[in-house]
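S.K.: Okay, here's what each chain looks like letter by letter:
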Amino acid sequence: MSGDTPVLRVSGLQRRFGGLLAVSGVDLALPAGRVLGVIGPNGAGKSTLVNLISGHLKPTAGSVLIGDTDLTGARPWRIAHAGVARTFQIVKPFRGLTVADNVTVAVMFGPARIRSRARARQEAERVLERVGLGGKGGLPPAELTVADARRLELAKALALRPRVLLLDEVLAGLRPAEIDPALRLIDELRGEGLTLLVIEHIVQAIAAVSDEILVLHHGAVLTQGPPDEVLGDERVIEAYLGHRYTRRNPS
Amino acid sequence: MAESSTAAPAADTTRPARGRRPRLPAWWPWGGGALLVLGCLGLQSQLYSGQERTVTTVFMFVALAAAWNLIGGYTGYACFGQVGFFGLGAYTTVILMVHARLSFWIALPAAAVVAAVFAAVIGLPLLRLKGHYFAVATLGVAEGLRELVTNVPRWTGGGSGATIPSTGDRAVTPWLGNDGFYLLFLGLAVVCAVVVALVSRGRTGYALRAVNQDEDAAAAMGVNTTVAKTVAFAVSAALTGAAGAAYAFQQVTIYPQRLFDVDITVLMIVMVVLGGAGTVLGPILGAAGIAIASEYLRQHLPEAHDLTLGALIIIAVILLPQGVVNFARDAVRTRDFSLLSNVRRYRL
Chain A
69 MSGDTPVLRV
79 SGLQRRFGGL
89 LAVSGVDLAL
99 PAGRVLGVIG
109 PNGAGKSTLV
119 NLISGHLKPT
129 AGSVLIGDTD
139 LTGARPWRIA
149 HAGVARTFQI
159 VKPFRGLTVA
169 DNVTVAVMFG
179 PARIRSRARA
189 RQEAERVLER
199 VGLGGKGGLP
209 PAELTVADAR
219 RLELAKALAL
229 RPRVLLLDEV
239 LAGLRPAEID
249 PALRLIDELR
259 GEGLTLLVIE
269 HIVQAIAAVS
279 DEILVLHHGA
289 VLTQGPPDEV
299 LGDERVIEAY
309 LGHRYTRRNP
319 S
Chain B
608 MAESSTAAPA
618 ADTTRPARGR
628 RPRLPAWWPW
638 GGGALLVLGC
648 LGLQSQLYSG
658 QERTVTTVFM
668 FVALAAAWNL
678 IGGYTGYACF
688 GQVGFFGLGA
698 YTTVILMVHA
708 RLSFWIALPA
718 AAVVAAVFAA
728 VIGLPLLRLK
738 GHYFAVATLG
748 VAEGLRELVT
758 NVPRWTGGGS
768 GATIPSTGDR
778 AVTPWLGNDG
788 FYLLFLGLAV
798 VCAVVVALVS
808 RGRTGYALRA
818 VNQDEDAAAA
828 MGVNTTVAKT
838 VAFAVSAALT
848 GAAGAAYAFQ
858 QVTIYPQRLF
868 DVDITVLMIV
878 MVVLGGAGTV
888 LGPILGAAGI
898 AIASEYLRQH
908 LPEAHDLTLG
918 ALIIIAVILL
928 PQGVVNFARD
938 AVRTRDFSLL
948 SNVRRYRL
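Going down the list, the sequences are from chains A and B. If you read the first sequence in the numbering used here, its first letter stands for residue 69, the second for the next number, and so on. If you read the second sequence in the numbering used here, its first letter stands for residue 608, the second for the next number, and so on.
One chain only, chain B, in its complex shape:
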């Protein structure tokens, strides 16, 4: 089945051949990531406490966006109920620390496991749905969890909230302080990014991308699509649940309205979409970019914060519908850096 007929054009010696551009060494993402983490490790001592809390929140959203990216970005299942796993992780921590008197360091992995098992169980029926059906179903699951938590006040404090004892004799684990939570959320962000990077480079990454593009074709290639989707959903939920656990301990007192707030899911999705879904770096850039823009607007345009941030997100999505990282990758490959032709390419 050789290529038919037409003579190959003469080689153009003035430009490097397509696909022959100088390549960066294979270790550069890991090396670059390690340098970034090392830089962040010393940063907290240079920040005011308000700034430190903001950066801590950025780390939390990096972790959440990276976790959502596994199911929404790589696998193509837009989970609109991701905040359910966040809340589940948080309330698992409350129950284990308050009622079972377990250390936070036991509650944290336990929260991840509970969220993963829950995701695997609901994933079996829900992952048979596609597109907006899956999105709406997961939204329903998160709302259901919120109702459940509100209606078992004996364990969760109900609508009045639950408090984790964090000082004095009743504290099973002393509160970590601003520096402690900074490091904890930095650690979670690193773990999430590394998990996504390992998945992306490995066999599972190929399976998830294939499922994302065409499930029938993936199955025909021997990919067990049920296992691939369920694993992605469970790992994504585990990472989100761990972030929820850390957030509950950081906040000390938590309420279902805040912990199951759909805005948290929306933020995760926007961060992933703007940064570049299905990439390792995209959610990190998306989370950092939106958090920094939001903080800047809060300080300089407090009255119009939401309106301006919303407008910026709309403009960014129109200009870069595939996200910053995917745009950069396409632009380098095609040597076309025009945003206008990018808009045309995506027929907006």
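The following block holds chain A by itself, in its conformation from the complex:
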């Protein structure tokens, strides 16, 4: 990481579920405009890490700072107001609302707190256009394709105008042709100075957009560094990628 002041700083983060240490001693420091990819086997603690940062779970130990504000254990809406947005691994649309109204909730209750319904709707339409859902604002979420449901999840997060964006498997279920535009959008967001933490199982995709990759294994950081270095690490191959992956992707 560069010497810039981190927008998101996590120190010694830990979460215990009974006898299971789901996340153990994770440290992160992400400056503005950086993308950190997080990979690891199922059950490694990736989503738990996102839940701890977004306030959906309280840490057993450690701290979460957004800018200079300590938000350890704060409720999710406080963390959202501090500029942290997230998507969920299993999409969570508000099924009783239209696509546009889903995004309007975020515009109205996010840090901008736009109270006028008309202005909020306008902003929601702008965000929907950006993620490729233009013209679908009047549909109920149940009528969206898997890819569009993921776009809606992303639109809700972007409507908060976050400083930090936590993407939990936002590419899952997308067809190859749908992945490239998503990666381009992530790149654009990085260019706008957004700090991103991206959890993903599609290794080529995450390697393409990340400045650094962090590997979680059994809740702890196995290694962290530039994508090439991490993906060539024998411990990462052993714990997550497998030797077949390295044979297929020798570079």
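FYI, nobody ran anything at the bench for these hints, they're computed from the structure. Be careful, since some hints might not be right.
Unchecked claim - The list that follows gives simulated cross-link-like pairs (lysine to aspartate or glutamate, EDC-like), each with its CA atoms no further than 20 Å apart:
1) Lys126/A x Asp937/B
2) Lys737/B x Glu822/B
3) Lys126/A x Asp821/B
4) Lys737/B x Asp821/B
5) Lys737/B x Asp823/B
6) Lys204/A x Asp937/B
7) Lys204/A x Asp255/A
8) Lys204/A x Asp823/B
Predicted model only: the values in this text are computed from it and were never measured.
With chain A fixed as given, assemble chain B onto it according to the hints.
M.R.: Only chain B this time, still in chain A's reference frame:
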């Protein structure tokens, strides 16, 4: 993240495009509501006293169903103890009018405030529960209130009931008469419907619907879910408490068994579910529909009233599980008016 690849189908010029159907002007719900209220304002003079009392009861249930709709329909917290706020409002009125000798017009808003404060206080722990845990807990609160009222006879008359002096020198406010209560309950129904409409259209409505659909996602969007739920619960309780206050004064003598009867809660819930939970119009239609069906059956099938009404409710819930208003909305949008496909859609 643009839409991938497939060519758009050629535009079908024979049917209006989806979502482009002619829209009604934005003011029509308010205009329609105002016309309905104006019609009701003159109706009492055309009714026999029995009919007038029935319509007054319909207004009361419109108010109660609209109030329950805020917490149960919009927020998704099925409060099975709503009758507790009804009874609390009623007994607050009794205590203020009998013991403090206050006018009914002071007791009525006071009852609403007491119910709201009580709901906010119990809401803080109870609204952490979800689903049937919340339902059972609120049921327990209503039963607890009934026991409390029964066991402080000095203030409430206990199980023997309490009477509000309504005639002569001891009456702090003279009884309003059938026409007066007709107008009072009409006013309450209008207030409840307007409050629900304003909540529904505003920022709070978005927050409540988001909480209803997914609390974690709502919180991630910046919705303070604790405040949203507590406000909905308190406003719902205030409206229910006000209806309880009016009912106590109308009945003159009230008993805890009747005022805390769980059947009242069940009726509110059935009315909202059948009319359409989470809509402004649904509880109004549900309350009017069930009250009219019940009255018709009472007159024409008195021996089988409960059985037939129960069977009608079961059939209606099977055919229209999302309620009349939500069914109509879906049907207009999808242009599919078949009840059978509606049943299939809800996998019954």
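S.K.: State for each hint whether it applies.
M.R.: Results of checking the hints against the structure:
no., hint, result
1, Lys126/A x Asp937/B, "40 Å, violated"
2, Lys737/B x Glu822/B, "10 Å, holds"
3, Lys126/A x Asp821/B, "19 Å, holds"
4, Lys737/B x Asp821/B, "12 Å, holds"
5, Lys737/B x Asp823/B, "13 Å, holds"
6, Lys204/A x Asp937/B, "17 Å, holds"
7, Lys204/A x Asp255/A, "24 Å, violated"
8, Lys204/A x Asp823/B, "24 Å, violated"
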